[in-house]
Amino acid sequence: MKVAVELEGKSRQVEFSGKTVKDLMEHLDLVLDEYIPILNGSVVTELELLSEGASVKFVRVWSGG
Amino acid sequence: MQGQVFSELDKFIKPNDKLAVAASGGKDSTFLLDMVHRWSENKNLQPITAIIIDEGIRGYREFTLQFLKKFCESKEIPLHIVSFKDETGASLDEIIQKRDRRKLTETYGSCTMCGAFRRYLLNKTARGLGATKLLVGHNLDDEVQTLLMNLFVGNIGQVGRKGELAGIVESPDFVVRFKPLIWLPEKAIAVYALLNYPGIPGNECPYLRESLRHNMRKMVNNLELQWPGFKHRVMKTYVNKILPNLKKMKNGKLVKCEICREPSSQKICKVCELKQELELKL
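These protein sequence lines are chains B and R, in that order.
Going by this note's numbering, 56 is the number at position 56 of the first sequence; the sequence numbering is gapless.
Going by this note's numbering, 191 is the number at position 191 of the second sequence; the sequence numbering is gapless.
Please keep in mind that the hints were generated in silico from the structure rather than gathered at the bench.
Note that the coordinates shown come from a computational prediction; the quantities given were computed from them, not determined experimentally.
Think of the CB as a built atom: it goes at the ideal place given N, C-alpha and C, for glycine as much as any other residue.
Please note that the accuracy of each hint is not assured.
[Claimed, not checked] Straight-line C-alpha distance at most 27 Å; calculated DSS-like pairs for lysine-lysine:
#: 1; chain 1: B; residue 1: Lys10; chain 2: R; residue 2: Lys218
#: 2; chain 1: B; residue 1: Lys10; chain 2: R; residue 2: Lys187
#: 3; chain 1: R; residue 1: Lys187; chain 2: B; residue 2: Lys19
[To be verified] Examples of chain B residues lying across from chain R (beta carbon under 10 Å, computed):
#: 4; residue: Val59
#: 5; residue: Arg60
#: 6; residue: Val61
#: 7; residue: Trp62
#: 8; residue: Gly64
Next comes chain B alone, as it looks inside the complex (with noise of 0.2 Å):
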C-alpha cells in the first residue's frame, strides 16, 4: 500500500508491503524505540492498522532528561 510519510521534517509518499505501523517502521529501517508514530494527528502504537493514503509523521524519541 501507498502512505505519506513525514520523517526528521521531510515528507514523501512510501509504497510497502505490510498492514501496520510496525511494518512500514521495518520498511524504513527504524528502531521502534526510537520513533513515535503520529497517524492521521494521533500517536499510535506500532500494532496499529494502517489503510491506503494514511498520513503517518514519525516523531523521534529525543534525549535530554
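Based on the hints, put chain R in the right spot on chain B.
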C-alpha cells in the same frame, strides 16, 4: 504510568522527607516533577522544590530553562537555578574550549565533565535547601545504558551504586538520590510528554553525539528490537540479583575533598581536579 511512579514514591518516601527534584526542562524530569507534585499534594510533606543546573550550553539550555520556569510557575513550585558560570567562572561551552586548547580532549569527555559538575552542584544545592532526598529523572533506558557502559569500561564501583536509591555510603554531606522512573521506558515518557506538555523543547544537547552513551543507546534499542523486554530483564536482574551482592561487598567510603570539603571518594574531588586542570575558579 502515574500509578507506577506513585507506587515507587509510596515505597521510598518517608513522612519527614524534604524533597528536591533535579529538573532540566527535558521530558523525563518534567514528567517526574509533575508526578511528584501531584503525588505530594495530598500528603503531609514539606513543599517540594526544583533545582536546575544551568550549564550555559548555548542553543540548548536556554530553551529548556525557559520552559521549566513557565512549568514551575504554573504549578507554584519554587525553582532554584544554579549556573556553571557562577560556580566555575565558565559555562560548559567555555570549559570544553579550555579543555581542547590544553589538548585534554581524550582525557576528559564533555559528558563526563558536565556530569561531574552537575552532580556536585545538585548535591550541594539540595543539601543547602535541607533536602533529605534528591529525585532525579533517569528512566529505564538511561539506567540500562549506564549499567552496560560501566561494565564495558570496567567501572565496577559505579555498577554497585545504581538502582532506585543511588549511592553506596550514608553521609550527612551526601543527599540520597532517588530515581522513581527507572522502570519506565524512555519512549513511554516521551509520548506522555508530547501529549501533556505542549511546547516542551525537543532539541538535544549538542554534545550528545560525541558520547559513548549515544552509541550505547542505539545498541540497546537494537537489542530491544531483537529481544523485546530486554531492557526490563536487564534492570530486573540488576536490581534483584546483582546489586544486592555488590552492596554486600562494598567497602567504599566518603571523605571530604581537601580543597572544597564536599563529599568525595578521592582526596581531591573530580570537580576540583577539573578546576585545577582547566584553571577554573576554585
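Inset, instruction - If any of the earlier hints don't hold here, list their numbers in rising order. - result: none
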